[in-house]
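Colleague: From first to last, the protein sequence lines stand for chains A and B. Counting from 1, one number per residue, gives the positions in the first sequence under our numbering. Counting from 1, one number per residue, gives the positions in the second sequence under our numbering.
Hints are computed from structural coordinates only; laboratory data are not their basis. Note that the structure is predicted; figures quoted are calculated from it, not measured. Check the hints yourself; a few may be wrong.
Identical copies look the same in the list; a pair holds intra-copy or inter-copy alike.
[Stated by the list, open to error] Result set (BS3-like, lysine-lysine): computed pairs, CA atoms no more than 27 Å apart in a straight line: (1) Lys318 - Lys282; (2) Lys282 - Lys256; (3) Lys5 - Lys256; (4) Lys5 - Lys324.
There are 2 protein chains.
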Amino acid sequence: MNTTKNSVVIIGYGGMGSYHGKLIKDIEGLEVTGAYDVLQERQEAAAADGYQVYESFEAVLNDPKVDVLVIATPNDIHKDLSIRAMRTGKHIVCEKPVTLCKADFEEMMAVAEETGQVLMVHQNRRWDEDFLMIKSMYDQHTIGDLFHLESRVHGANGIPGDWRRIEAYGGGMLLDWGVHLLDQLVFMIDSKITSVSSRLSFILGDEVDDGFEAYLQFENGISAVIEVGTTNFITLPRWYVKGLEGTAIIEDWSLKGRMVLRNNEVERIEPKPIQAGVGLTKTMAPPSEGATITEALPAAYQHASSFYTNFSEVISGKAEPIVKNAEVLRVLNLIEAIFEAGRTHQVIKDFDMYEAERDNVTPSFPVC
Amino acid sequence: MNTTKNSVVIIGYGGMGSYHGKLIKDIEGLEVTGAYDVLQERQEAAAADGYQVYESFEAVLNDPKVDVLVIATPNDIHKDLSIRAMRTGKHIVCEKPVTLCKADFEEMMAVAEETGQVLMVHQNRRWDEDFLMIKSMYDQHTIGDLFHLESRVHGANGIPGDWRRIEAYGGGMLLDWGVHLLDQLVFMIDSKITSVSSRLSFILGDEVDDGFEAYLQFENGISAVIEVGTTNFITLPRWYVKGLEGTAIIEDWSLKGRMVLRNNEVERIEPKPIQAGVGLTKTMAPPSEGATITEALPAAYQHASSFYTNFSEVISGKAEPIVKNAEVLRVLNLIEAIFEAGRTHQVIKDFDMYEAERDNVTPSFPVC
Chain A
1 MNTTKNSVVI
11 IGYGGMGSYH
21 GKLIKDIEGL
31 EVTGAYDVLQ
41 ERQEAAAADG
51 YQVYESFEAV
61 LNDPKVDVLV
71 IATPNDIHKD
81 LSIRAMRTGK
91 HIVCEKPVTL
101 CKADFEEMMA
111 VAEETGQVLM
121 VHQNRRWDED
131 FLMIKSMYDQ
141 HTIGDLFHLE
151 SRVHGANGIP
161 GDWRRIEAYG
171 GGMLLDWGVH
181 LLDQLVFMID
191 SKITSVSSRL
201 SFILGDEVDD
211 GFEAYLQFEN
221 GISAVIEVGT
231 TNFITLPRWY
241 VKGLEGTAII
251 EDWSLKGRMV
261 LRNNEVERIE
271 PKPIQAGVGL
281 TKTMAPPSEG
291 ATITEALPAA
301 YQHASSFYTN
311 FSEVISGKAE
321 PIVKNAEVLR
331 VLNLIEAIFE
341 AGRTHQVIKD
351 FDMYEAERDN
361 VTPSFPVC
Chain B
1 MNTTKNSVVI
11 IGYGGMGSYH
21 GKLIKDIEGL
31 EVTGAYDVLQ
41 ERQEAAAADG
51 YQVYESFEAV
61 LNDPKVDVLV
71 IATPNDIHKD
81 LSIRAMRTGK
91 HIVCEKPVTL
101 CKADFEEMMA
111 VAEETGQVLM
121 VHQNRRWDED
131 FLMIKSMYDQ
141 HTIGDLFHLE
151 SRVHGANGIP
161 GDWRRIEAYG
171 GGMLLDWGVH
181 LLDQLVFMID
191 SKITSVSSRL
201 SFILGDEVDD
211 GFEAYLQFEN
221 GISAVIEVGT
231 TNFITLPRWY
241 VKGLEGTAII
251 EDWSLKGRMV
261 LRNNEVERIE
271 PKPIQAGVGL
281 TKTMAPPSEG
291 ATITEALPAA
301 YQHASSFYTN
311 FSEVISGKAE
321 PIVKNAEVLR
331 VLNLIEAIFE
341 AGRTHQVIKD
351 FDMYEAERDN
361 VTPSFPVC
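Isolated chain A (complex conformation):
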C-alpha cells in the first residue's frame, strides 16, 4: 500500500481540466502535481494554478513520479492518450463520453486488463443530489413502485462554440449530456432495456445533434423519457417521476420540488367535473379535497464515497469502482442504439448488454 500521495497530472487544462484540480484538492491519497495542454494559454493557466507544466504528453509519460493521468481533452483522443498512458504504467481517470463508440472503449478496457492499470470514467453525475433523491425514491418506493421516469436537461444557449459542435471530436448533446442521464438511469434500474426509440434534433444546423429525446422501455415494466435540449427558452422539470402512489418533481439543480401522494386515509371520492376550455372534464379534474398529500422530497441516497475517494481507494486496492467499466460500456452501446433509432426512425430492440454476460447477446444494429 502506497502511504504517500499518488501524483496526478491533468491532460487538457480547459474548463473541465481545471475543475478536476479543484475536485482532487481535498482527496486523501491524491495530489495534482502537474498539467499539460496543447494550448500555450492553458499551459500558463496551469502554471498560475501552481502546477508543474510539462512540455509534451511524452514528457508526462516519461516522468516516473506520475501515477495517475486525468484525461480531459476533446473526446476523440481519449482512447489513444489513455492507452499510451496505461502502457507506461499510469492509472487513468477519463472524462465522459470516454469514447465515441463502444468498440473503442472495448480496446481501452482490454489494455487496462492487460496492463493491470486502473481505468475509471468520470461519470460524476451519479453523485448529483437531484439524481440521488430520485434513487432514494426508487429504492425505498417512497411514492410506491416507480414505473415511469422523465429526466430532462434544458438550455437555450445552443451547443457551446468549441469542439462540441464537431462530429469528429465527439461533439453533440447525446454524447455530452446524454451519457450522464443514461448512466444515471442504468445505474439505478437493474433491468434489461427491451426497446428504444428516439428523435435527434438538428434544428440549429450543426453537424451534430443539438438535443434528443429517447424513450426507453425496461423489461421490469419501467418506462423512461430522457431528453436534452439546447433550444429551450423555458425549461421543463429536471425530473418528473410517477409511482403507483404518487408523483414527484424536481424543478432544477436548486432541488426545488415536491411529492404528491394519494391519501389512503380518506375514502376515495370521485371529483366533480370542471370546465376545461369549451368542455367539461371529470377525468382531468383536480383530485377532491383531502384526496392527496404533498410532501418534501426524501433525503438523497448516500454513496459509500465520492468519485475521487473511490478512485483513490481503487488504485490502492481497497475498494471496487463505483463506476464500473461494464456499465460505461453498456451506456455507450445504448447511445449507439439511440443514434440508430433516431437515424432510421425505428424502434431498436434486442440490443441491451444487460444480460450479455449470461446470454452473450449480440447487438442487432451496426456498431462503429
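The hints should help you fit chain B onto chain A, whose structure is shown.
Modeller: Chain B alone, transformed into the frame defined by chain A:
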C-alpha cells in the same frame, strides 16, 4: 330556408348530453325540444330540464317535427343510432370519438352522402382558448416557426368509473381525450404525418388504456408529443411549444403561461458556466442577463363561428362545416396507427390519409 328554429333531440342524457342542452340554448336556428335516455333517472332529469321525453329511440325517429339528433351515448352505438336517424331524415351531431375505428365512420359518411343529411362530429376542443392561442402562434410565427409541440392533459383520478373503462364501449384515454388532442394538431398543421410511435399505459389494470404518449413527425419537419395521463398527481404544462425564436408554455385551462423569446437587440454573450449538481455546465446555464424577453401569450385565433352556430349554418346550407368529416376520418386513422405502434412497439409509417385524395394512399397496418 327554414325560418323557424330546427328542433333538436338529445340522445343519451348523461353528463355530456345535458351539457349539449346548455351549449345549444343561445344558438340562433336551433332549439332543444326533447331527449331520450335508456335510464329512467336520466329521463327524469331531462323532464326536469323542461324537455319532452320520448319513450323510445324509435319514437324520436318517428316524430316528424324533429330535425336534428345529438348523439351523446357510449361510443359503440354512435354509428347505428346515427345511421338509423339519417335514414329517417334527421341531421346528426355526434359526440367524439364518433366511432371506435375508421371503417365504421366510413359507413356513417356513406349514409350521410346517400341521404344528403348533415353529419358533424362534436370536436369542440378546436374552440378551446388554450389551443387557439397556440394556433395563433403557429399561424403568425409569434416565436418564430414552431418546430416542436407538446400537448398534454394530466389527471390523477384514473378512468371514470363508467363505460369508459370497457373496451367494447369504446373506452380508454386514447379514444376519449386523445381524439381531441390529435384533432387539434391535425386541424392546425397542414402537413402529412410521416411517422408515429407510442406507448400505451395500462398501469391501472383496466382493459383499456389509462393514458398514452404518442410521438408524431410531420413531413414539414414539425415534431409533436401528445400525452394523456390519469395517474399524474402533479401535472406537466398543458402546452409546451418551441419556435426558432423562443419557447411558450400554457400551464393549464386557466391560460396561465408565457413566451420567452431571444432578444435580438443585444449582442449574443455566451453565458458563464454554472454549478449543476456535482459538475459545471455552460450549455445548460441560464441565458445571460438581457439575452431573452418574456412576453404574455398572444390573443387566441378566432373561428368564424362557434361549433353550434356553424352547425346551424351548415344545415341551412349557409356555411361549410368547420369540423370536416375527412379530418375526423384522418384522426381515427391516426388513432389506429397509435394503437398499432403501442401494441407492436414499432414505428408506424406510410399510414397518414393527408394525401389520400391525391395519391390514394392505403394504410399499411390492419384496420378494424
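Colleague: Confirm or reject each hint.
Modeller: Cross-check of the supplied hints:
no. : hint            : result
1   : Lys318 - Lys282 : neither (59 Å within a copy, 35 Å between copies)
2   : Lys282 - Lys256 : between (30 Å within a copy, 21 Å between copies)
3   : Lys5 - Lys256   : neither (39 Å within a copy, 57 Å between copies)
4   : Lys5 - Lys324   : within (24 Å within a copy, 76 Å between copies)
Figure legend: structure checked against the earlier numbered hints; hints not met, in rising order: 1 and 3.
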